[in-house]
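Keeping their order, the protein sequence lines are chains R and U. Just so you know, we're using the numbering used here here: the first sequence kicks off at 1 and counts up by one. Just so you know, we're using the numbering used here here: the second sequence kicks off at 720 and counts up by one.
Among these hints, one or two may not hold up.
Covered stretches of chain U, going by a simulated chain R footprint (3 or more residues, C-beta under 8 Å) [to be verified]:
1) 727-740
2) 759-771
3) 782-793
Simulated crosslink set (DMTMM-like; lysine to aspartate or glutamate; CA at most 20 Å straight-line) [said to hold, decoys possible]:
4) R:K429 / U:E745
5) U:K795 / U:E723
6) R:K493 / U:D787
7) R:K252 / U:D743
8) R:K646 / R:E460
A few chain R residues that face chain U, going by a derived Cβ cut-off under 7 Å, partial list only [stated by the list, open to error]:
9) Y82
10) K87
11) S88
12) N118
13) Q257
14) T261
15) K298
16) F389
17) K393
18) K397
19) M506
20) F508
21) K512
22) P514
23) F660
Just so you know, the hints here were simulated from the structure itself, not pulled from any lab data. We put the beta carbon where it would ideally sit given N, CA and C, even for glycine.
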Amino acid sequence: MSEVLAPAPASVPRATTAARTAVPKIALIGNPNSGKSSLFNHFTGLNQKVGNFPGVTVDKKTGVTNLMPSLRAQVIDLPGTYSLYPKSLDEKVIIDLLHDKKAASYPDVLIITADASNLKRNLLLFTQLADLKIPAVLALNMLDVAEKHGVKIDVAELQQELGVPVVPVNARTGSGIAALKILLSQQLEAPRPTFFQIPDELLVMVRQIRYYFELSNDYLAWHYAHQYQKLSFLSEDDKEYIAELVKKYGFKSNALQAAETIERYTRINGLLLDAMRVTKAQNNEQFSNKIDQVLTHKVFGYLIFFGVLFMMFQAIFAWAAYPMDLIDGGVAALNAWIHTLAQGPLIDLLTDGVLAGLGGVLIFIPQIALLFAFIAILEETGYMARVTFLMDKIMRKFGLNGKSVVPLISGVACAVPAIMATRTIDNWKDRMITIFVTPLMSCSARLPIYTVMIALVVPETYFLGFLSLQGLVLMGLYLIGFLAAIFSAALLKWVLKTKERSYFIMEFPTYKMPRWKNVGLTIVEKSKAFVFQAGKVILAISVILWVLSSYGPGNAMQQAEERATAELTALNLADADAEAHVAGQKLEASYAGQFGKFIEPAIRPLGYDWKVGIALLTSFAAREVFVGTISTIYSVGDSENISTVKEKLLAEKDANGQPFFTPARAFSLLIFYVFAMQCMSTIAVVYRETKGWKWPILQMLYMTGLAYASAFVVFRLFS
Amino acid sequence: MQGEQKSVRDLKIGEKGIICSLSDPEMSLKLLEMGCIPGEEVILNSRAPLGDPITIIVNDYTLSLRLDEAATIKLKA
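Chain U with its partners taken away, still in its complex shape:
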């Protein structure tokens, strides 16, 4: 984890974080459209029984995404 920035992937269920940046330029376009804007709060809402995908709450609604997609949403320390 040294030097690795924390991402939505690392949140525990119910834990909150503030979006800092989106690391995948192409995917960031989709995430931005869906309301994952830097500065917004995210909460990890649930995990699928097999651990992947997950659902997060952002902008007052629930969004589901895969873990590798969640890993591109970097959080403020």
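Next comes chain R alone, as it looks inside the complex:
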């Protein structure tokens, strides 16, 4: 077939041999739920890397695959989208990549995935991509599902109509992948047909943009006219240039976009007349609808949902405890073993500083893995869409999203995996609000502090013979945290401004069996992302904290140790308590001790002294460290035993000889820990998820401020 190509500037490459000598770059693109990610997993397996698209919180998944034994290719998985006109920040990544030929990962060829059971809508994106004239293959997925619904697709005819190779694939089983690879290892041409004609009266303007930017085709220039404000690679001068043209020609972006979409659908309907036959017109969604009658039922729907939440909660709260204990024990054993081999300050830095910090990172993996196993299954089966559907109306009142429920509830176990789970929220504002308020939910690390402080000041009495007063106080603390989260969200809803409009409009996917490979890869990916991205920050802070509490100015530490050892004979303490006494004196002399004394004036209004100040600093590593530090500083030998800790703390006297831990002080501390962002891991993960320090710092200031003010009020009220 001879084809006259439109005149193009010489600088435009057409998948030339020069490009072939380097590792070819393949981009996967398609509608959400079209099997794109499964296909990516088939191509790359464990050979994938998660990076970032510049400047946004969108994961950039890349991997390497062998097209032939001797031909490797790089594959990039783009976010799912319905069109090339982005409606969210995630989708904007796509035009930044595809509209900039100079982009480092500009693809040589596209694999466009399409769901055959929903072909019409999937082809909309295809026709837009085809008009960009990037060499492409259409991977037609779910032909079996389509057939079950009575839709028969003539692949040869479709290929003829679309002008690109069409490969039937099954992203579940991986069939068709081999055929795709063979095709991709050959030279592919840009799609020939043009599906959308740019209106004649605007062609002059479009050509001006095209030649100014040396673009290879009119449709790309047309997109520049529509989206120049969103294209981050254009300079201000470039944008100005387009803005003037757009104004001069009265280019009405919205109306033109609408007309374009309608024209494309008309064209698609036309070409599908020959390529697709619907034999029995029936409701495709019958099976899913039957399940939905139960799963979105006004009673059973919520019951089942809360059952699922309860299971997830159990998993990250209780099941994760076993592997976490193993990690904890393993790191401790390793440290002890190293200490038997060698001693010295450098060994201490390695063991108590670095290895302990590393343990503090690894300890989160069980929770992250379990939570994401659940989330991946919920997403894969299509149940997550139902959760959103059930909860949207309630959550929207508070500026949250139906999908915020899962992170919020997971936050009761641990904010770290919970914040990572906010990725499922598409809307930027909703996601930020959810990230911001999730750490207010009382996590499991707060529980040790709650238990000790409650045991200290709340009597062990029962109402009506079974309602424990201590239990009620504990529940109250959880409730306060929850209310703080909800109301902070409502507050942020007013404060946060966004240009992005929030839509709920989304595909309601049919129920499917989860693909276990995808679930497994999600777990691996999330754990890796945490360890390598948030892990660095956690490790750094924990080493700093260790140095602060192990070293002091000058030889203060040494003097403290000598003094404490000298006192021992007079005190006549048991072995464990003697050790604790020395450790306590040393901690007081350390930089952390100095810090505690330094901030004492600031925390005195809350009822705390410098000893509590030290614990506030060290518990920044993880809240539960509070109990350990308090035990050290008050020389409690056996910090595992709550009643021993309690005895010691009760015996602690203030300057006037009165008990130090009055109810006022204990409640003030409790409230402080309900609200305060006392967790470096959360800060690290927020930093990772928001790609910057702005959000974690704001969050820290807000939570600490709230904690300080509330603790102050509580201390005044009770004393």
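Starting from the known structure of chain R, fit chain U onto it as the hints suggest.
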């Protein structure tokens, strides 16, 4: 209801309608992409237990959207 054009919001469960126009210019872009094209048939499929959001069937697949979004999809009388 005088002079008010019927929208998807007003459908009963199982009731059909033909899309006439989309009244919110910005949101219409999203709806068009999702296949809510004037002339297409829509069926109200279900409502969430609290009445909002809803699911509709259009173009042979199920789409969920909020009531105020559904209100912008005007139907032929």
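Exercise for the section: Closer than 7 Å between Cβ atoms is the bar; does T261 (chain R) clear it against chain U? Give me holds or violated. Expected result: holds, 4 Å
query: Within 20 Å, alpha carbon to alpha carbon, are K646 (chain R) and E460 (chain R)?
result: holds, 13 Å
Practice prompt. Check, residue by residue, whether the segment 727-740 of chain U contains three or more positions whose beta-carbon lies closer than 8 Å to a beta-carbon of chain R, and give the verdict.
Written response: violated (count 0)
How does the segment 759-771 of chain U fare against chain R when you require at least three residues with a CB closer than 8 Å, holds or violated?
Holds, because 7 residues of the segment 759-771 of chain U bring their Cβ atoms closer than 8 Å to Cβ atoms of chain R.
Grab the minimum C-beta distance from Y82 (chain R) to chain U and call the hint holds if it beats 7 Å, violated otherwise. holds, 5 Å
K393 (chain R) as chain U interface residue, shortest Cβ-Cβ below 7 Å
holds, 4 Å
Next on the checklist: Using the nearest Cβ pair, does Q257 (chain R) come within less than 7 Å of chain U?
Outcome noted: At 5 Å from the nearest chain U Cβ, Q257 (chain R) passes the 7 Å test, so the hint holds.
### Message
So, as I understand it, the hint says N118 (chain R) touches chain U; can you test that by seeing if any CB pair is closer than 7 Å?
### Response
holds, 5 Å
Restraint status (C-alpha distance of K493 (chain R) to D787 (chain U) at most 20 Å): Holds, at roughly 19 Å.
Do three or more residues of the segment 782-793 of chain U come closer than 8 Å to chain R, measuring C-beta to C-beta?
Our answer is that it holds, as 5 residues pass the Cβ test (under 8 Å) against chain R, meeting three.
Under 7 Å, Cβ to Cβ, is where F389 (chain R) needs to be relative to chain U, so tell me if that hint holds or is violated.
holds, 5 Å
Using Cβ atoms only, decide whether F508 (chain R) comes closer than 7 Å to chain U, and label the hint accordingly. Constraint on F508 (chain R) satisfied, holds at 4 Å.
Comparing the model with each earlier hint shows violations of hints 1, 11, 18, 21, 22 and 23; every other hint is respected.
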